[in-house]
Amino acid sequence: MFGNAFTGWHAIILLVVILLLFGAPKLPALARSLGQSMKIFKNEVKNPDAPADPAPSTAPSAEGTDTAPKS
Numbered sequence: 366m367f368g369n370a371f372t373g374w375h376a377i378i379l380l381v382v383i384l385l386l387f388g389a390p391k392l393p394a395l396a397r398s399l400g401q402s403m404k405i406f407k408n409e410v411k412n413p414d415a416p417a418d419p420a421p422s423t424a425p426s427a428e429g430t431d432t433a434p435k436s
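Per our numbering, the very first residue in the sequence shown carries number 366; after that it's consecutive.
Since the hints were made in silico from the structure, they are not lab data. Each residue gets a CB set at the ideal place from its N, CA and C atoms; glycine is no exception. Among the hints, erroneous ones may be present.
Just the calculated beta-carbon pair ranges, DEER-fashion [what the hints assert, rightly or not]:
#1 Ile383 <-> Lys404: 14 to 24 Å
#2 Lys404 <-> Ala376: 17 to 27 Å
#3 Asp414 <-> Gly373: 40 to 50 Å
#4 Ile377 <-> Gly400: 16 to 26 Å
#5 Leu379 <-> Gln401: 21 to 31 Å
#6 Asp414 <-> Ala370: 33 to 43 Å
Required output: the full structure, derived from the provided sequences and hints.
Now the structure itself:
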């Protein structure tokens, strides 16, 4: 029924709309993020029982700070 519904013109129009929505400067970051997400997804599909890599902590370490009230 919809065998030839998606043609080359549809792809071009779709790319132009994406370019207008996100803007040219953001497209490389968007593509990089999509690639990383696909890589993680493929890893999880291939090896679902493996533990996930812990996300790197960006919060500063609380080591050496004293929050107890001083008397």
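Using the beta carbons of Asp414 and Ala370, state whether their distance is inside 33 to 43 Å or not. The hint (33 to 43 Å, Cβ to Cβ) holds, given that Asp414 and Ala370 are roughly 40 Å apart.
The hint says 16 to 26 Å between Ile377 and Gly400; measuring C-beta to C-beta, is that right? Holds - the Cβ-Cβ distance for Ile377 and Gly400, about 22 Å, lies within 16 to 26 Å.
Beta-carbon spacing of Leu379 to Gln401 - inside the hinted bounds 21 to 31 Å or not: Holds, at about 22 Å.
For the pair Asp414 and Gly373, does the Cβ-Cβ distance stay inside 40 to 50 Å? For Gly373 against Asp414, whose Cβ atoms are near 42 Å apart, the range 40 to 50 Å holds.
If you check the beta carbons of Ile383 and Lys404, does the distance land in 14 to 24 Å? 21 Å, holds
I want to verify a distance hint. Is the separation of the beta carbons of Lys404 and Ala376 within 17 to 27 Å? 24 Å, holds
In terms of the numbered hints stated before, the structure departs from none.
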